[in-house]
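My request is simple: use the sequences and hints to build the entire structure.
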Amino acid sequence: MLDVRGLRKVYEGSGRRVEAVRDLTFTVDPGDLVCLVGPSGCGKTTLLKCMAGLLEPTGGEVLLEGRRVDGPPPGTAFVFQEYGRSLFPWMRVGENVELPLRQKDMSKAERRALVRDALESVGLADAAGAYPWQLSGGMQQRVAIARALAYEPRVLLMDEPFAAVDAQTRADLEDLVRGLWRQRGITILFVTHDIDEAVYLGERVIVLSASPTVVREQLTVDLPAERDQLHTRVDPRFAGLRTRVYEQIQAAKRGEVRDALTKSSTPPPR
Amino acid sequence: MRGTNAVLGVAGLAGFLALAEAVPRLGLVDEEYLPPAGRIAAALGDEAADPAFWTALGDTLTGWALGLAIASCAGIVAGVVLSVVPYLRQATASTIEFLRPIPSVALIPLAVLLYGSELRSVLLLVVYASFWQVLIQVLYGVQDVDPVAEETARSYGLGTWARIRYVLWPTALPYVMTGVRLAAAVALILAVTAELVIGAPGLGQRIGVAQTSQAVPELYALIVVTGLLGLVINVGARAVERRALAWHQSVRGEVAV
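Residue numbers (our numbering), protein chains in the order written: chain A, 1449 to 1718; chain B, 124 to 380.
It should be emphasised that the hints constitute simulated quantities derived from the structure, not laboratory data. Where a beta carbon is used, it is the ideal one built from N, C-alpha and C, also for glycine. A couple of the hints might just be wrong.
Which stretches of chain B does chain A cover? Using the computed rule of at least three CB atoms under 8 Å from a CB of chain A, they are [claimed, not checked]:
no.: 1; stretch: 262 to 275
no.: 2; stretch: 285 to 292
no.: 3; stretch: 367 to 375
The calculated lysine to any residue pairs, modelled on SDA-like cross-linking and capped at a C-alpha distance of 25 Å, are [claimed, not checked]:
no.: 4; chain 1: A; residue 1: Lys1552; chain 2: B; residue 2: Ala285
no.: 5; chain 1: A; residue 1: Lys1497; chain 2: B; residue 2: Trp284
no.: 6; chain 1: A; residue 1: Lys1552; chain 2: B; residue 2: Val271
Below, the structure written as structure tokens:
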């Protein structure tokens, strides 16, 4: 579904040369929910923006369904961390969700139906007439998720979407994303710096090294598909995975080098 | 609070009028040059009864409105094009900085040469003066586009035109509104100046006639009318701004959520 091959990104400007991403290779299978974790400042956002076609990689390539990404691909939706800036304050919630659909060849009625359905599935059916700034942070991020859903993407890229909301809202939103993933079968790539979140949400966790970034480890999360905040988080298996990821992140921060080619510590699911 | 302010405003105005009445009456200033407020008010009443006054007012407003409309449209289109086309902004910056400070009144001889004392002369001056007000604000406004909003639009495949329409334009709108409001005030100044100096029909020309015929109270009455016009224009522009920018932080204030 998504193939990242030898991705490299170097920022150059004002006499400084920063190698944000050195050499990233991994794949995401159709219908998978993959969480990317890494120490802060490790180029997670850069990676995601390259995958969304918003940034031009310096080297390597991203393939979506076998086709090289060289601009925002139509089947991909992006959810930003800064929901307050990503939603347009001059449009009502319904209009915000509908805007991307205007590019698509569909009737007004179809658009309306998609908007209603998307807002319903994030639990905001009656907020269509409000302005985003009249809603709480968590609700605003729900609107941004609804906008992505209405777009009917095959791939959903989420860039630390819950980093700016409070812990309780965050738990709700995590369950929402998992629920939507199971209902709709979208392929999701979820970037986070929160280890618990990565393990709780993901079917697979990819741990990145510190910048310049390479893949440090890939883990399969063998927790049951049915997860909930209360039981999953106290599951010994959850604790084990969490510890494993945590160790890797700490090692990444210290800059320890693992063998150059990354190996999966748990076999990839087939 | 609002009520108190209104009362204070009315009291201040009444005080000013009383002063304007008293100063000439007490002989502090020669009545020849500053007639008491009452006589100015009477002259204003006479003007209002004269159809020629209303024609003049109509002419001034025509020049003002047409000039402002042309300048606003041109300023908005030019501002957006300059910002959207790569390198154009940098290439034109120095020229704009050179042309912008030229006082519009310096173009009066040119306007007379080109168009005589017609409406077109007035328009030339009005448009020149107000165009820059709008253009500069649009240029600032367009630069204010939030990178996250822009990336959001790009990630959903919005094309250039859609991004201008749905992201760039709403972002720039508060600036455009400010620009048009400033331009509206400048346009009135230039419309009256042009009529006064060139003799194009309008309130300015009527002020000139009052001056040459030593009709001092009428002169003041006409000046009061131009002041009132400016006031109405500013209040109107602010009302439009509030309606169009109801979503904007400056208008909506802080919302409790």
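> Do three or more residues from the stretch 262 to 275 of chain B put their C-beta atoms closer than 8 Å to C-beta atoms of chain A?
Replying inline: Coverage by chain A holds here, the residue count being 5 at a Cβ distance below 8 Å.
> Under the criterion that the straight-line Cα-Cα distance not exceed 25 Å, is the pair lysine 1552 (chain A), alanine 285 (chain B) satisfied?
Replying inline: holds (12 Å)
> Counting residues of the stretch 367 to 375 of chain B whose CB is closer than 8 Å to a CB in chain A, do you get three or more?
Replying inline: It holds, with 4 qualifying residues against the three required.
> Is it true that the CA of lysine 1497 (chain A) sits at most 25 Å from the CA of tryptophan 284 (chain B)?
Replying inline: Given that 25 Å is the threshold and the Cα spacing comes to 22 Å, the pair holds.
> With a Cβ-Cβ cutoff of 8 Å, does the stretch 285 to 292 of chain B contain at least three residues near chain A?
Replying inline: It holds: at least three residues are needed, and the stretch 285 to 292 of chain B offers 3 whose Cβ sits within less than 8 Å of chain A.
> Taken at face value, is the distance from the CA of valine 271 (chain B) to the CA of lysine 1552 (chain A) at most 25 Å?
Replying inline: Between lysine 1552 (chain A) and valine 271 (chain B) the Cα gap is close to 22 Å, so the pair holds against 25 Å.
The structure meets every hint from the earlier list without exception.
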